[in-house]
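Read top to bottom, the protein sequences are chains A and B.
Quick note, the first sequence lines up with residues 19 to 229 if you use the working numbering.
Quick note, the second sequence lines up with residues 47 to 213 if you use the working numbering.
Hints should not be assumed to be uniformly reliable.
[Unchecked claim] Here are the simulated SDA-like pairs of lysine to any residue, each with C-alpha atoms no more than 20 Å apart in a straight line:
(1) B:Lys197 x A:Cys51
(2) B:Lys181 x B:Ser108
(3) B:Lys197 x B:Glu184
(4) B:Lys205 x B:Ile155
(5) B:Lys205 x A:Arg55
(6) B:Lys205 x A:Ala46
What the hints contain is simulated information worked out from the structure, not anything from laboratory work.
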Amino acid sequence: MSHPDFESRLNDYVDGVLSPQARASTEAHLEGCEECRVEVDQLRALLRGTASLPRSVQPPHDLWPAILEGLDEPERRRARAVWERRHVLAAAAVLLVVISSAVTTLLMREQSGVGEDRFQRLPPQFRPTAAAYEQAATELEEVLEAARDRLSPRTVLVVERNLRIIDDAIAEARSALADDPASREAGEALARRYQDRVDLLQQVGRLLARS
Amino acid sequence: MRRARVGDRAAFEDLYRAHVGRVYALCLRMAADEVRAEELTQDVFIRTWQRLESFRGEAAFSSWLYRLTVNVVLGALRAERRRTTRVKAVGDLTALAPVSNDPVAGRAIDLERAMARLPDGARTVFVLHDVEGFKHQEIARVLGIAPGTAKAQLHRARKLLQEALES
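Please put together the full structure from these sequences, using the hints given.
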């Protein structure tokens, strides 16, 4: 086009959006410019072709079955999330009861003195309980790990740091008890460290219940 | 419409059947990809189901639906990184016009194919303005560009289409 700056004006002319004055000056120009008249004719032909395009086109496949399934998807996702959370909390609750009762049994034996004879034998008897506790704690931590994304990152950091501190204390208490199996204080210390871990995991469980 | 808004799926299917052709045509022309257009059409109707309650009835349902379609397609196109399927889809666009010796139908196929080959921005503006009848101000608002830019894209699209149809 010999005067490309007029291209935009011609488009606006064809679209009928020029002011009366601009339209008049454009029409005056068109009277004397064949190139621009051809351009206008071509633009109008293009718009006629566009206007004749079908407005509605049926998709090659019936999409309704997939759409119907998609309507249920948000509800299924919500139901799954609720089920998972309940499952997690229920599992956590069961494990906490198991752990609590095991640790409580230990503490009660120690406090009542009834098991003092047993306390002297506590390390061997302690071992099955400790093993059961360790297994239950691992399973609980796996359950809580699955629900981790429901806790804030800061909370996760705090929980993990506290667990490390308690685990270190448990390791020390176990080591002390192993060095002195008859030590009442060592047995007490170990039981208390286990109780600390139980308390922390219960706290996490309560946070999950609120989330 | 009223029954669909309160969760009647059979009523919603009726709405789907009444409007799927327009929605699919818009998705197909904007995406220039038959498979993608089907996916987008599904997304549009699922989104429509989720948002039906927000339709207040100030405008015609069809207007509301087609604006939602534009938003869904634009959102999807922005998220996409690859456009390699476009060339294949051009061959599939024969579905848009019946196969016949009718020269008008033949020109329609040529125009659809030429539209599919436009650069994304130019094609979007052309489809919205010249095919769907959106005004420059609305196109600019939807695309997040200046009205002058939308107009320039349109003029560029028309120029490219003319050149493609002449060749």
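How the hints compare with the structure:
1. B:Lys197 x A:Cys51: It is violated: about 24 Å lies between the C-alpha atoms, which goes past 20 Å.
2. B:Lys181 x B:Ser108: 17 Å, holds
3. B:Lys197 x B:Glu184: At roughly 11 Å apart (the allowed maximum being 20 Å), Glu184 (chain B) and Lys197 (chain B) satisfy the hint.
4. B:Lys205 x B:Ile155: 18 Å, holds
5. B:Lys205 x A:Arg55: 15 Å, holds
6. B:Lys205 x A:Ala46: 23 Å, violated
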